[in-house]
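Participant: Based on these hints, arrange chain B on the given structure of chain A.
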Amino acid sequence: MNLQIVMLLGQDGITNGAIYALLALSILLVFTVTRILLIPQGEFVAFAALTMAAMQGGTPVRLGWLLLALAAAALVMDSHAAWRRDGRIAVRRGPALGVAYAAGLTALTTLVPLAEAGVALQALVTMALIVPLGLALYRVFYQPIAAAHPLVLLIVSIAVHVVLVGVGLLMFGPEGARTEPFSDGGLRLGMVMLNSQTIWVVAVSLALILGLYLFFERSLYGKALRAAAVNRLGAELVGISPELAGKASFALAALIGSLSGILIAPITTIYYDSGFIISLKGFVGAIIGGLASYPVAALGALLIGQAESFSTFWASSYKEVIVFTLILPVLVWRSLSHHGAEDEE
Amino acid sequence: MKPGVLSKTPTVKPAVPMPKLSPSAWILLALLPVLAVAPLVLPTYQVTLANNIGIFALATLGLVLLTGVAGMTSFGQAAFIGVSAYATAYLATVSAADLPGPLAWMAGSPLAGLAVGLVLTFAVATVLGAVTLRLSGHYLPLGTIAWGLSLFYLFGNLEFLGGHTGLSGIPALSLFGIAFDRAEALFYLIWAILLLAVVATLNLLDSRVGRAIRALRGGQRMSESMGVDSFRAKMTAFLVAALYAGLAGWLYAYTQRFVSPAPFSLQAGIDFLFMALIGGVGQVWGAVIGAAGVTFAKQWLQDLLPHLLGRTGNFEAIVFGLLIVLLMQRLPGGVAGWIAKVFERRRHRPTGAVDDVDLPAAEPLPRREMPAKGEVVLEAKGVTRRFGGLVANRDISFTVRAGEILAVIGPNGAGKSTLFNQLSCVDHPTSGEILFRGERIDGRTARAMAGAGLSRSFQHVKLLPTMSVLENVAIGAHLRGSKGVAAAALRLDRAEEARLLDEARRQLIRVGLGQYLHVEAGSLALGQQRILEIARALCADPCLLLLDEPAAGLRFLEKQALAELLVKLRSEGMAILLVEHDMDFVMGLVDRVYVMEFGERIAEGPPETIQTNPAVLEAYLGGVE
Chain A
22 MNLQIVMLLG QDGITNGAIY ALLALSILLV FTVTRILLIP QGEFVAFAAL TMAAMQGGTP
82 VRLGWLLLAL AAAALVMDSH AAWRRDGRIA VRRGPALGVA YAAGLTALTT LVPLAEAGVA
142 LQALVTMALI VPLGLALYRV FYQPIAAAHP LVLLIVSIAV HVVLVGVGLL MFGPEGARTE
202 PFSDGGLRLG MVMLNSQTIW VVAVSLALIL GLYLFFERSL YGKALRAAAV NRLGAELVGI
262 SPELAGKASF ALAALIGSLS GILIAPITTI YYDSGFIISL KGFVGAIIGG LASYPVAALG
322 ALLIGQAESF STFWASSYKE VIVFTLILPV LVWRSLSHHG AEDEE
Chain B
23 MKPGVLSKTP TVKPAVPMPK LSPSAWILLA LLPVLAVAPL VLPTYQVTLA NNIGIFALAT
83 LGLVLLTGVA GMTSFGQAAF IGVSAYATAY LATVSAADLP GPLAWMAGSP LAGLAVGLVL
143 TFAVATVLGA VTLRLSGHYL PLGTIAWGLS LFYLFGNLEF LGGHTGLSGI PALSLFGIAF
203 DRAEALFYLI WAILLLAVVA TLNLLDSRVG RAIRALRGGQ RMSESMGVDS FRAKMTAFLV
263 AALYAGLAGW LYAYTQRFVS PAPFSLQAGI DFLFMALIGG VGQVWGAVIG AAGVTFAKQW
323 LQDLLPHLLG RTGNFEAIVF GLLIVLLMQR LPGGVAGWIA KVFERRRHRP TGAVDDVDLP
383 AAEPLPRREM PAKGEVVLEA KGVTRRFGGL VANRDISFTV RAGEILAVIG PNGAGKSTLF
443 NQLSCVDHPT SGEILFRGER IDGRTARAMA GAGLSRSFQH VKLLPTMSVL ENVAIGAHLR
503 GSKGVAAAAL RLDRAEEARL LDEARRQLIR VGLGQYLHVE AGSLALGQQR ILEIARALCA
563 DPCLLLLDEP AAGLRFLEKQ ALAELLVKLR SEGMAILLVE HDMDFVMGLV DRVYVMEFGE
623 RIAEGPPETI QTNPAVLEAY LGGVE
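So the protein sequences, as listed, match chains A and B. Under this note's numbering, residues 22 to 366 are what the first sequence spells out, in order. Under this note's numbering, residues 23 to 647 are what the second sequence spells out, in order.
One or more hints might be untrue.
Now the stretches of chain A that chain B is said to cover, found in silico as 3 or more residues with beta-carbon under 8 Å [said to hold, decoys possible]: (1) 162 to 168; (2) 172 to 180; (3) 186 to 193; (4) 303 to 309; (5) 341 to 353.
No wet-lab data here; the hints were simulated from the structure. We put the CB at the ideal spot given by N, CA and C, even for glycine.
Chain A with its partners taken away, still in its complex shape:
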């Protein structure tokens, strides 16, 4: 192994690590606000990458139909709730608008050819599909059991993941896909050639992390979410609706997931079920951060990226074994520094 290979592997590790860090942050965000471990986080990544690829390849974009189905389910559930409450069926504006939005976007993505639209517009359409998907997932699957035991939330998360992977196979087929890089060429720094996609990934990740920081530090909604994460009941008492907090955190998670998918699609071939393994590395990062600390989780995810990249070089076929075994020492350390039994709510 010479310096050049080290640089190359390091660059790979940073690229992947940055994506894992984004996912770790979004997993933590959802977990602290809603107590839900967002196992389906990876599906946002895979769906975004494959939707981009479908647009660029000129194959039908089917994600709109899933969004439409979930929006319709949300509308039905909402009307049903209204009927049980007031004894008559009422259609509220929000869910109805959701269905209209999903229908419009489905029409757009199926009827208008987007192959020549350019990466920026394609990325925008992809996010316009996936962010509301996150919202709808929360509304349909999690909101009815938002107050349940964490174990129930975890089981539903796993079930939703399984459903989405199945639907992913239905929508995108078993073939993998890769998209065009955002730009050609690269940047030469001394003796190191920086891949242009690496620069994109790092730049967008940094921008996103900065954006999230500003959102949580400066904006009222960000502060409301933080309040909900610190004390759910207290936040509710001062007027922060847990539904809003849940939906907002899911929308943010979908936004981060779709961006990650768009960024990673030119580097790695993505299959309908690739999202899980990718997001699991984000989970490992989040575990390193003790499911609590954002900076430690991000650092942990970067570490995972490096470990993965270097183990690819030394023991390629044991890459995943090495990466997932890394959580053992972390868990040992956490167990040793933890004491006492607590009841979970």
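Facilitator: Then chain B, alone, in the frame of chain A:
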């Protein structure tokens, strides 16, 4: 205490008969002839299917114990099956020359395969459990997901395990001269093992260890202060579940005669959880119902869906996933839970008489040596507790003697609860000492103190609402028994169990709850639940009783009865400390009163002098002019 004083309750639900063997005995009796005949009349294809169901049910049974009873969850069952199946397959196919000399006898031996498979499963589960079970409930599922994935890749890459193609050519199972070469023969073996495992699980749940495991779900703080080691109970449930999977893996290897990584993937681990949930994690039989239901439904869907969707793929997962979501939203008890509800009979309606017909009297448990009357049992010396800048307790000193009742009173925010937490070793002083029978106890765990003779009740009642009153109280006697998992599973613990339950019965009769022994604890009135906590504390045979607002929520007659009980305990030499708001209750009962305000002592003495103490009056009434 007079029986009947505390007896007026509007609704009393019968306890879920989890440990009652009778319904399960009926199911067993009904099942046995069906199982005996099934392989004789069914076509081989169906028998093979039934074999798979039996193997899946065995692994799912572990999850029922883990998820439904202990409130934890794991995605590692498939991986544990894999470990054992691979160990079995490897030893069955390896030639003796390839094994190191001393181990050569293992080649081709099914029993060696079983032993190695179980030992490996046990070892891996011990490591996984040790690093995740002390942490919050999310680490076990995440840890088992990661380990399940790692193992899948490991199987696929290890040359000596055949890589992705796996190991084939496993010879037919032959045990003690009996050949299990046909599906029909294996059927009897698999279902015999499954039924034994079901019975062992039912026995385990109906025991001292079983109560500790059942208390994990929502009762950990309570059971720890009764001396239960929660970590150990979690580990027990996890290891038993893993060993069932290991057993299933051994059977799997000899049923398929071929192993490859695919059936042990994480997806399979998720399938097992779905089986457990659909069957119903609250009931042991849910494992069998779930395994059978999911296997049949899967077959049906795999035929149907490709026609509907026009292509092939793992689409039944969509249906199962949605079903699970629906189940969690609407019917968390699963199929077995629903059946149990439908058949729930009100067999234990309290009649007003002591309800202990099916509890034979047993030899009383040995008692601890009580301190002599007047001996100092508990002593606080300059106890100070700070939370950051706030001083919740400042320089608190007092003693409690055997045969004496001390009340700690004070307005809200006086620091009583903080003090109580430190005395019961849930929290620890910033400075100062707490001595129990002359030994320092600050810094020790609540669990250690339970063994030493310090017993407590909780301000907010902590009991296990779906367990019977008797079982709830028996948790208090946890440390007075010693029988473990194996004894419980094999029913070798009955003599000790009878003594523990008899002790619980005696304490319940003593506090006046004798007619409620077999009802669900959650259906008692709040006042009765408080009394239950006292019976549970007494079950530990304490010499010091710490009671946190025992009279709160009690009606007048109930308070009188409680006071009588406490007076009786005092006369027997018990040291009692109570934190209380109810002045009438306190003043007529206790020997001394310790008054706190803003974390400090403002007065101490017999009730008569406290009632006229100007500082106390000022604290309570806002000053006397």
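Participant: Which numbered hints does this structure break?
Facilitator: none
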